[in-house]
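Top to bottom, those sequences are chains C and E. Start counting the first sequence at 11; every next residue gets the next number (our numbering). Start counting the second sequence at 114; every next residue gets the next number (our numbering).
I should point out that these hints are in silico values taken from the structure, not numbers from a laboratory. This structure is a prediction, so every number in the text was calculated from the model and none was measured. Hints are supplied without guarantee of correctness; some may be wrong.
[Said to hold, decoys possible] Each computed EDC-like pair below joins lysine to aspartate or glutamate, with the alpha-carbon atoms no more than 20 Å apart:
{"#": "1", "chain 1": "C", "residue 1": "K47", "chain 2": "E", "residue 2": "D151"}
{"#": "2", "chain 1": "E", "residue 1": "K131", "chain 2": "E", "residue 2": "E175"}
{"#": "3", "chain 1": "E", "residue 1": "K170", "chain 2": "E", "residue 2": "E182"}
{"#": "4", "chain 1": "E", "residue 1": "K126", "chain 2": "E", "residue 2": "D151"}
{"#": "5", "chain 1": "C", "residue 1": "K78", "chain 2": "C", "residue 2": "D41"}
{"#": "6", "chain 1": "C", "residue 1": "K15", "chain 2": "C", "residue 2": "D34"}
{"#": "7", "chain 1": "C", "residue 1": "K15", "chain 2": "E", "residue 2": "D172"}
{"#": "8", "chain 1": "C", "residue 1": "K15", "chain 2": "E", "residue 2": "D151"}
{"#": "9", "chain 1": "E", "residue 1": "K184", "chain 2": "E", "residue 2": "D141"}
{"#": "10", "chain 1": "E", "residue 1": "K116", "chain 2": "E", "residue 2": "E143"}
{"#": "11", "chain 1": "C", "residue 1": "K47", "chain 2": "C", "residue 2": "D69"}
{"#": "12", "chain 1": "E", "residue 1": "K116", "chain 2": "C", "residue 2": "E52"}
{"#": "13", "chain 1": "E", "residue 1": "K170", "chain 2": "E", "residue 2": "E192"}
{"#": "14", "chain 1": "E", "residue 1": "K116", "chain 2": "E", "residue 2": "D141"}
{"#": "15", "chain 1": "E", "residue 1": "K170", "chain 2": "C", "residue 2": "D11"}
As a plain string of letters, each chain reads:
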Amino acid sequence: DQQVKQNSPSLSVQEGRISILNCDYTNSMFDYFLWYKKYPAEGPTFLISISSIKDKNEDGRFTVFLNKSAKHLSLHIVPSQPGDSAVYFCAASATGGSYIPTFGRGTSLIVHP
Amino acid sequence: DVKVTQSSRYLVKRTGEKVFLECVQDMDHENMFWYRQDPGLGLRLIYFSYDVKMKEKGDIPEGYSVSREKKERFSLILESASTNQTSMYLCASSFQRESDTQYFGPGTRLTVL
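Just need the whole structure built from these sequences, with the hints factored in.
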């Protein structure tokens, strides 16, 4: 049973537009959320995180929004660039319990020039 | 800068062979992890370790074992490789229990013939 779901396996966006990647979770104990970015033939790299005490965290072109009541988070990339083309993994953990993050299956983002 | 290195980028083995995948991190991290990544399945945790000589099973430990004799090194062992273990193997480390940001190695693409 997937506790972290990324329901869109892929997303295609035009350069300069906004990319919105979605993630849903089922475990109400999750209180820390992360996004990782992965290029082919490389390991994932940490992108941005958010604690459950916040509903938004921003870092340059990347913003993560958290809706605790809906158990939903989203990653916004504005403006999207061709170099953003990668697989994006959402991860969640319960810092008061097991600190091991649970990963979603990933969304492949393609940004067209 | 954190560096996580893996012994091989690409490996080809035969069914039944014993396979060793090595991972080394240079930041004195307590926690180390082994994942496999398969298309459509995301990152699945095989084993993790939060201290030297300590190991815990992840979600898919069957067919694998691990060894952590030194803090900086975490080895994944396939006792008798099978074709369904063909995958991308990713090692990760993190600093301490409360910090969930993981640093990943570049991955080893293992093919079992």
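Which hints, by number, does the structure contradict?
Going through the list in order, the structure violates no hint and respects every one.
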